[in-house]
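Two independent chains are provided; combine them into the complex using the hints.
Line by line, the protein sequences give chains A and B. 1 is the number of the first residue of the first sequence in the working numbering; add one for each residue after it. 1001 is the number of the first residue of the second sequence in the working numbering; add one for each residue after it.
Just so you have them, the derived chain B footprint on chain A, three or more residues with Cβ under 8 Å:
hint, stretch
1, 35 to 49
2, 95 to 106
Calculated pairs, DMTMM-like style, for lysine to aspartate or glutamate (alpha carbon to alpha carbon, straight line, at most 25 Å):
hint, chain 1, residue 1, chain 2, residue 2
3, B, K1049, A, E102
4, B, K1049, A, E107
5, A, K17, A, D86
6, A, K11, A, D86
7, A, K78, A, E20
8, A, K78, A, D56
9, A, K17, A, D57
10, A, K15, A, E83
11, B, K1058, A, E102
12, A, K78, A, E44
13, B, K1068, A, E102
14, A, K17, A, D63
15, B, K1069, A, E102
16, A, K11, A, E83
17, B, K1049, B, E1066
18, B, K1058, B, E1015
19, A, K17, A, E44
20, B, K1049, A, D56
21, B, K1049, A, E44
22, A, K11, A, E44
I should point out that these hints are in silico values taken from the structure, not numbers from a laboratory. Quick reminder that beta carbons are idealized off the backbone N, C-alpha and C, glycines included.
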Amino acid sequence: GAGVSQTPSNKVTEKGKYVELRCDPISGHTALYWYRQSLGQGPEFLIYFQGTGAADDSGLPNDRFFAVRPEGSVSTLKIQRTERGDSAVYLCASSLASNTGELFFGEGSRLTVL
Amino acid sequence: AQSVTQLGSHVSVSEGALVLLRCNYSSSVPPYLFWYVQYPNQGLQLLLKYTSAATLVKGINGFEAEFKKSETSFHLTKPSAHMSDAAEYFCAVKPPGGSYIPTFGRGTSLIVHP
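One chain only, chain B, in its complex shape (with noise of 0.2 Å):
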């Protein structure tokens, strides 16, 4: 069995300010995981992705996620906001192999304040 916990359903920061979007897996295996985006009236696009490679995993538009395995984690960080990353960020985890189904957190939107 697999799910993720995505903490808080809104975050709220200053624009300029660190971005922290927490993600906490369960996995019978040892996961590939990850994190897509959702601006509105758009699909989800993956922004990183972790499989079993760096632990440290660099994304597009500055992100970062780093898997940590003592804590069954795999936060998103981003040293300093911007209004257009305002979004819905979703964290989903699979098991390595073809006949496993990404299952996905239920989201945490990203408020930025001027």
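Here chain A stands alone, though its shape is the one from the complex (with noise of 0.2 Å):
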């Protein structure tokens, strides 16, 4: 496709549970980011891969979050055993070059725990 992916568009779970979401970026973008964003709040920056690697994690707010990016394309964000504050829009963005700082996102994935 011809901008970013994120599956799913929406995620229902229970508090406790294991939950991924996926982005898929533009096709040749080396930096992706994830971004967080509650309602009425702005993205929050949860990390940052530059090809395969995690350049910047420092947004991660604790050991239950985990993001990989195995082949510098696709990457999936991991949240172990789901709170409630954890609900939120999670979003993915990727760029051409990170040193532009124009990121392209997707539409986020709303992630809701009960």
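Take a look at the structure:
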């Protein structure tokens, strides 16, 4: 596809369950970012990949959150033992080069933890 | 450290009126600055960006923003609002260099009345 694709668009889960959110970036974009957006807030940085490696994971809130990008393209954000406070829209963005700061966003995955 | 402050979580204007959305930034080095727009049920998309060239930056859909170093501001304007401009607008800041992550403001919701 032409843009950043995120699946699922909506995920409802129960407290304590494991969740995976997938991001398929624009072809050729080496930089990939995960942000989290809570209601009424701006995007909050979680993790940034340059190629296959996590160049900056300082935004991950705790060790229940983990992300991978094994082949330098698709990325998966993994959340273990979900809590109600994890409910938010998880945004993925990609960029042709990280130094431009120009991000192309997907539509997000809305996670609801009951 | 870097941050942005968007004054006013909601701005309401009449169709045809001037749009002014405020953004002030804090950055330890001369920054890159961005405005993104998020229409309902869509991902964020770039409106315009300032990367240390001309201080008056023109973007899509008739929007423009002016970088004012003395005021640490990057306010977004449009001479005449259209109903289709109703959306959430986010200001973002990033120091130059690939190791830096864009930081977003909380957003301003633009409401356009007929």
